[in-house]
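J.: Order-wise, the sequence lines are chains A and B. Just so we're aligned, residue 1 is where the first sequence starts under my numbering, counting upward by one. Just so we're aligned, residue 1001 is where the second sequence starts under my numbering, counting upward by one.
Quick caveat, the hints were computed from the structure, so don't treat them as lab data. Please read these numbers as outputs of a predicted model, since none were measured by experiment. In this text, a Cβ means the ideal position worked out from N, Cα and C, and glycines have one as well. Misleading hints may appear alongside valid ones.
As the list claims (entries may be wrong) - Beta-carbon label-pair distances, calculated as ranges:
| # | chain 1 | residue 1 | chain 2 | residue 2 | range |
| --- | --- | --- | --- | --- | --- |
| 1 | B | Asn1028 | A | Asn380 | 19 to 27 Å |
| 2 | A | Asn380 | B | Gln1066 | 50 to 58 Å |
| 3 | A | Arg377 | B | Thr1339 | 39 to 47 Å |
| 4 | B | Gln1241 | A | Asn380 | 34 to 42 Å |
Said to hold, decoys possible - To give an idea of the chain B side of the interface with chain A (calculated C-beta under 7 Å), a few residues:
| # | residue |
| --- | --- |
| 5 | Ile1145 |
| 6 | Arg1221 |
| 7 | Glu1404 |
Stated by the list, open to error - Stretch by stretch, here's where chain A covers chain B in the computed footprint (C-beta under 8 Å, at least three residues):
| # | segment |
| --- | --- |
| 8 | 1034-1044 |
| 9 | 1271-1282 |
| 10 | 1328-1341 |
| 11 | 1353-1361 |
| 12 | 1379-1392 |
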Amino acid sequence: MYDVSIIGAGVVGCAIARELAKYDIKVCVVEKDGDVSNGTSKANSGIVHGGYDSAPNTLKAKLCVKGNEMFKQLDNELKFGFKKCGSYVLGFDENDHKEILKLYEKGTENKVRNISVVEKEFILANEPNVNPDVHSALFCGSAGIISPFEFTIALAENAADNGVEFILETPVTGIEKTEEGYKIKSNDKEILTKYVINSAGLFSDKIAKMAGMNNFEITPRKGEYLLFDKEIGSMAKSVLFQTPKEGSKGILVTPTIHGNLMVGPNATYVDDKEDLDTTKSGLAEVGENAKKTMPELDMSKIITQYAGLRSSMESYDFIIEETEKGFVNLIGIDSPGLTSSPAIALYVKDILLDSGMELKEKVNFISHRTPYIRMDRMSNEEINELIEQDKSFGKIVCRCESISEGEILDVLRRSIPVNSVDGIKRRARVTSGRCQGGFCTPRVMEIMSRELKMDMLDINKGNKGSYILADKTKTPKGGKM
Amino acid sequence: MTYDLIVVGGGPAGLAAALKASEEGLENILIIERDYMLGGILNQCIHNGFGLHKFKEELTGPEYSQKYIEKLKDSSIEVITETMVMKVTEDREVHVLNEKDGFRVLKAKSIILAMGCRERTRGAINIAGGRPAGVFTAGTAQRFINLEGYLPGKEVVILGSGDIGLIMARRMTLEGAKVKGVFELMPYSNGLTRNIVQCLEDYDIPLKLSHTILSVHGKERLEGVTVAKVDENLKPIEGTQEYIKCDTLLLSVGLIPENELSNVCGIEMDRRTKGPIVTESRETTKSGIFACGNVLHVHDLVDYVSEEAEIAAKGAMEYIKNGKSESGYTLTKAGQGITYVVPQKIKKCESEDKIKMYMRVDKVYSDAKIKVYSNGNEIFSKSFERLMPGEMASLNLNMKNIQECDTEEIVFEVEVL
C-alpha cells in the first residue's frame, strides 16, 4: 500500500512528488500517458511570473510570488535551465498607463520584488525591437523563463531517483473508498493508497467525480503559439507582455530558454479536453497581435506552431484542499500554475501534515540531479574530453541544433523511461530545430530501436497509436531488405 | 597544414567541384561529408532521369553520383565522412567534429560551400490542426522507403507538386499505398512536366491545382485532411471544403538552401534565393569562400548543379593563384517577371567569355522573351516558347556587352510577345 498516490504527472504532480520524495513515505505517480509532462505542462508559455497581476490575498498571488522565489535554488539542484530575464508589461497609450499603475499597486500589495514603472526611453534602450509607439511599461526584474517540460521532467527524474514510483500509461478508471484510504482502479491494475492527490489538470474534475465529489468543473481554454527560428531569437531579451484587457493577459513575445523566439497565446474556450488543434484564425490572431509588440517580426521565420489547454474554472482562484479525508484536490490550476508549482508542493505537504500524516525526513535524499549533457554549452576542450571517453558524442545526429548520439543516449538512460520520439525531443531537443525532424527522425528511430530493443514499426511519435511507420516495404522475391 | 581547397558537403555539388579542381591540377583538396557515405541526397533518389544533359544518358541518383565517386578513387582528393562542420570562419578556418578525432580546426586557402538544401516543413507553411504522426516531408518519406525499407503509410495525400512530391506519389503507389491526390496551391505545378506525366498521369493520380490543405485531423495518427479550392489571391473559397480520409500527408512545398554555416560566417545573403550573393565565379562576399549547388539556389536538375560546381572550382583556383580581386562589379537585378538572377554580381574586367546567367520567372509564360537592360537600353534578349517557375531559365550573356555599357547594374525582364 502506498502512503500517497498522485494522479497526474504534470508539473504540479511532479513538484509534489519531488517534495514528498524528501520524506520516508511510499509515493507513486499515476499517469494516463506514456510520458510525464504530456498535457498542459508541455504546451504553455514557460514563464516564471513575477506575481503582480494575481488578485491580492488569493492563493494565486501567494503561491506565485513564493514559487518565483524558489526557482533559483531549484535550478541549482535540478539543473533544468532558468533564466531570470525580467519582463515588461508594455503600454501604448494613457489608458494602458493607468492599467500599468494599477498593476504596480497590485504587485506591491502582493510583495513582488523588483518592480518599477519605466518610460519609453528605458524600454527601447533595453528592447530595441519593441514597437517605437510604446508609451510606458511595468518592469519586473524577478520574472524569468524556463522550459516547462524540462522543468517537469527534472522534477520527475529527481523524484524517481529518490524512490517515487512512476506508473505510466495507466489511465484511472475508478476510485473507491476503502477502510484505510482509497483504491485507484485502472484497466488492469488496482492501486491501494492511504492518500490520493488529484493533480490531474484538465481531468481533475473527472477524477474528483470518480471519488464522488461532483462540484468541480474544468472549462478548458485553448492557447495557440508560434515558435520562431533561433536566427531571430535575440529580438526579445525579456518577456514582453501587452497591457491586459478584459481579462486576457494579451499576446506575449518571449525568448525561450533554448534561444528561439515564441509568441502567443490567445485564449479560446473549447469543449473538448483533447482539442489541441491549432486554427487558421487563431494563429493569425496571435501573429497579428504579436506585431503590435514587435512590428518587425518576420513571419517567414516560424518553424512550428502548437496549442495548449489551460485547466481553468469559472471561479478565479486555485482550489487546493483536502476535500474529504485522505483526498486532496488540486483543481483549476491555470496560470500562474507553472510558477506556483514548487510553492503548491509545499502547501500540499502542509495539508498532509495537518491531516495527521507523519513525515520523517529521509537521511539519504539526493537533492541534486545530473543535468542532461549539452555539448552546445561546452568549450571545445570539454567536447574533446567527452568524445575521448565516449565516441558517440562525436556523432552528430541533429544537424540543425548539432546534437550528438551521445546526448540522445544520455536521455534514454535516465530514471524516467522514454519510449517515444517526442519524449526524446523534449529532453534532447532533436527534431525541434528548423527542419523539424526531416533529417534526424530516421536516425533517432534507429538509435531508439537499437538502444531500447524496439522494432522500428513499434516506435511512436508520442502516445500509443501515434505510429510513425506503417509497414515494411515490399521485399523482392529471394532478396532481403 | 593548410589545404588548398576544402569542400563542405559531399553531394553532387561538392563532388563535382572537388573533382574539377583536381582535374585542373589543384592538390591538397579535402571533402567533408556529414553522412557515412558520399552522394548526398542522390543516394535516396533511386528513380531515373538524372544525367540527361551532363552524360547524355538516363541515370538513377546513385548511378549519377557513382560516376563521380569512381573518379574520386583515381584522384588524390582526401575525403572524411561522418564529420560535421560546426563553423566556417571568414579567415577560412573550418571547425569540424567527428568520432575519430573529436573537435578540430582545419585551415584552407579556399573553401567551397556545398551543403545543399532542406525541405520546408509544416511549421513553415502554417497548416492548422492537430499534431498527429503521419505528416512527413516528401524527402523524409523517400528516405524511409528507399534507404530504410519502411513504408510510412498506406493512404496518402500529397501537398505541393514539387518534383519530390511527384516522384513520391509514384513511389508510394508502387509500394502498394493509395495516393489520393496531389494538391497544389498555385494554378500551375512547380514540378517538371516529365514528372507530372510519368508519376501522376501514368498512375491515374489526380493533380488538383489551386487547392490547399486547411487543416489536418487526428490525435495520435493522422486520420484525414480538409482541402479546399483557392481563388486567384490564394485564399480558400468558402463552400469548397472537402474532407479526405488518409493516414499520411506528404509535404512537397519547397526547398530552402541550408545556409546556417554561411550565416554564421557573415556571408551576405540574397533574400530571394535564400543563398549567398555570388559573383560569376560563385565567390561569396567573403573572399576565397565560394558556393555552388542547392546551397546557392535550388536547382531542378542535378546536371546544372554539377555545371555550377565546376564554375566554383575554377573560381577557387583562380583565387588561390591571383588572390582577392580588386575590380568593381556590375549588379544583376531581377526585374518584371523575374524572381531571381544568379550570379548577383559580375566582375568588371576585360574578357571574351560568355557568362551563363540562371534565373526563375514568377509565373507561366508562353512565347516570351527575357530581355537584359542597362540604363534602359536593351543589351541582350532571348526567346522562349515557354517559361515556368518550376523550370530554371538560363541565357549566355556576352561579357563584352556588359563591358561596353560599363554600367553599375543590369536588369532582367520578361516580355510577352
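J.: Next, verify each hint and record whether it holds.
T.: To see whether the hints hold, each was checked on the structure:
For the pair B/Asn1028 and A/Asn380, the supplied restraint of 19 to 27 Å holds, since their beta-carbon distance comes to about 24 Å. For A/Asn380 and B/Gln1066, the hinted distance range of 50 to 58 Å is not satisfied, since their beta carbons lie about 36 Å from each other. Roughly 41 Å separates the CB atoms of A/Arg377 and B/Thr1339, a value that falls within the hinted 39 to 47 Å. At roughly 54 Å, the beta carbons of B/Gln1241 and A/Asn380 sit outside the given window of 34 to 42 Å.
At about 6 Å, the closest approach between the beta carbon of B/Ile1145 and any beta carbon in chain A falls short of 7 Å, and the interface hint on this residue holds. The beta carbon of B/Arg1221 comes within 6 Å of a beta carbon in chain A, closer than 7 Å, and the hint placing it at the interface holds. Annotation: interface hint on B/Glu1404 violated; nearest CB of chain A at approximately 40 Å, more than 7 Å. With 1 residues carrying a beta carbon less than 8 Å from a beta carbon of chain A, the segment 1034-1044 of chain B misses the three-residue requirement, and the given coverage is violated.
Evaluation of the coverage hint for the segment 1271-1282 of chain B: breached, as 0 residues show C-beta separations to chain A shorter than 8 Å, against a requirement of three. Judged by the Cβ-Cβ criterion of 8 Å, the segment 1328-1341 of chain B is not covered by chain A as claimed, because only 0 of its residues qualify and three are needed. Remark: the segment 1353-1361 of chain B is not confirmed as covered by chain A, as 0 of its residues place a Cβ nearer than 8 Å to a Cβ of that chain, below the required three. A count of 0 residues in the segment 1379-1392 of chain B with a Cβ less than 8 Å from any Cβ of chain A is obtained; the coverage claim is therefore unmet, three being the minimum.
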